[in-house]
Amino acid sequence: SAVISQKPSRDICQRGTSLTIQCQVDSQVTMMFWYRQQPGQSLTLIATANQGSEATYESGFVIDKFPISRPNLTFSTLTVSNMSPEDSSIYLCSVEGTAPYEQYFGPGTRLTVT
Amino acid sequence: AQTVTQSQPEMSVQEAETVTLSCTYDTSESDYYLFWYKQPPSRQMILVIRQEAYKQQNATENRFSVNFQKAAKSFSLKISDSQLGDAAMYFCAHTYGQNFVFGPGTRLSVLP
Numbered sequence: 001s002a003v004i005s006q007k008p009s010r011d012i013c014q015r016g017t018s019l020t021i022q023c024q025v026d027s028q029v030t031m032m033f034w035y036r037q038q039p040g041q042s043l044t045l046i047a048t049a050n051q052g053s054e055a056t057y058e059s060g061f062v063i064d065k066f067p068i069s070r071p072n073l074t075f076s077t078l079t080v081s082n083m084s085p086e087d088s089s090i091y092l093c094s095v096e097g098t099a100p101y102e103q104y105f106g107p108g109t110r111l112t113v114t
Numbered sequence: 115a116q117t118v119t120q121s122q123p124e125m126s127v128q129e130a131e132t133v134t135l136s137c138t139y140d141t142s143e144s145d146y147y148l149f150w151y152k153q154p155p156s157r158q159m160i161l162v163i164r165q166e167a168y169k170q171q172n173a174t175e176n177r178f179s180v181n182f183q184k185a186a187k188s189f190s191l192k193i194s195d196s197q198l199g200d201a202a203m204y205f206c207a208h209t210y211g212q213n214f215v216f217g218p219g220t221r222l223s224v225l226p
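First to last, the sequence lines map onto chains L and A.
If you're matching positions, the first sequence starts at 1 in our numbering and goes up one per residue.
If you're matching positions, the second sequence starts at 115 in our numbering and goes up one per residue.
One or more hints might be untrue.
[To be verified] In the SDA-like style, the derived pairs of lysine to any residue whose C-alpha atoms are separated by at most 25 Å in a straight line are:
#, chain 1, residue 1, chain 2, residue 2
1, L, LYS7, A, ILE160
2, A, LYS187, L, TYR101
3, L, LYS7, A, PRO155
[As the list claims (entries may be wrong)] If you anchor each label on the Cβ, the simulated ranges turn out as follows:
#, chain 1, residue 1, chain 2, residue 2, range
4, L, SER1, A, TYR210, 20 to 26 Å
5, L, ASP64, A, GLN116, 23 to 29 Å
6, A, GLN116, L, THR17, 41 to 47 Å
7, L, LYS65, A, GLN171, 42 to 48 Å
8, A, ILE160, L, GLN38, 28 to 34 Å
9, A, SER156, L, GLY16, 28 to 34 Å
These aren't lab readings, by the way, just hints derived from the structure by calculation.
In this text, a Cβ means the ideal position worked out from N, Cα and C, and glycines have one as well.
Can you build the whole structure from these sequences, using the hints too?
Put into structure tokens, the structure is as follows:
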């Protein structure tokens, strides 16, 4: 299984600012995923990030609000831009495993916007 | 629409007893995978068990087993000999293309 770390683990940010969340995995993976988990809710996929190509965003999520970088096979960042209190959530990254449709998740970043 | 329904927002079980968490789903895919993930207070999502839809045999992993009814699109999780460490949110999910669709979750409490 992959070991995934995320930074920061939590943050409290002011409305209108931006936060960049880092996701590091201990092995090379082609596909990485970013999810949002709003308080008391389930996980919703934001985008899929493949190395060497533009991220693919799900309905309701746009690149201007959630720009993603994927500079290499072990690292990705998600930026939450121009934050509002509605962006308060846990943001999780995940990576594909070796078995079909296997995903391993990072520990998440808890974001609070005041 | 691809949906996952977990009709039990909260469940509780006595330690050492058995509990079953329900999940139903709707997908237009003919070939897909189903999963149960556990999310303890640490927030780490942990894969509990997975089932390939084309396999009729129910998956088992130690104390965890599933009852997969493909025609009914039902995928329940049975936890036997419940332990205090099983307390967590449990999410049912299915694949849709390369992506996952998650249910709303069931919060499981284990009573000593």
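Hints and how they fare:
| no. | hint | in the structure |
| --- | --- | --- |
| 1 | LYS7(L) with ILE160(A) | holds (19 Å) |
| 2 | LYS187(A) with TYR101(L) | holds (19 Å) |
| 3 | LYS7(L) with PRO155(A) | holds (18 Å) |
| 4 | SER1(L) with TYR210(A): 20 to 26 Å | holds (23 Å) |
| 5 | ASP64(L) with GLN116(A): 23 to 29 Å | holds (26 Å) |
| 6 | GLN116(A) with THR17(L): 41 to 47 Å | violated (34 Å) |
| 7 | LYS65(L) with GLN171(A): 42 to 48 Å | holds (44 Å) |
| 8 | ILE160(A) with GLN38(L): 28 to 34 Å | violated (20 Å) |
| 9 | SER156(A) with GLY16(L): 28 to 34 Å | holds (31 Å) |
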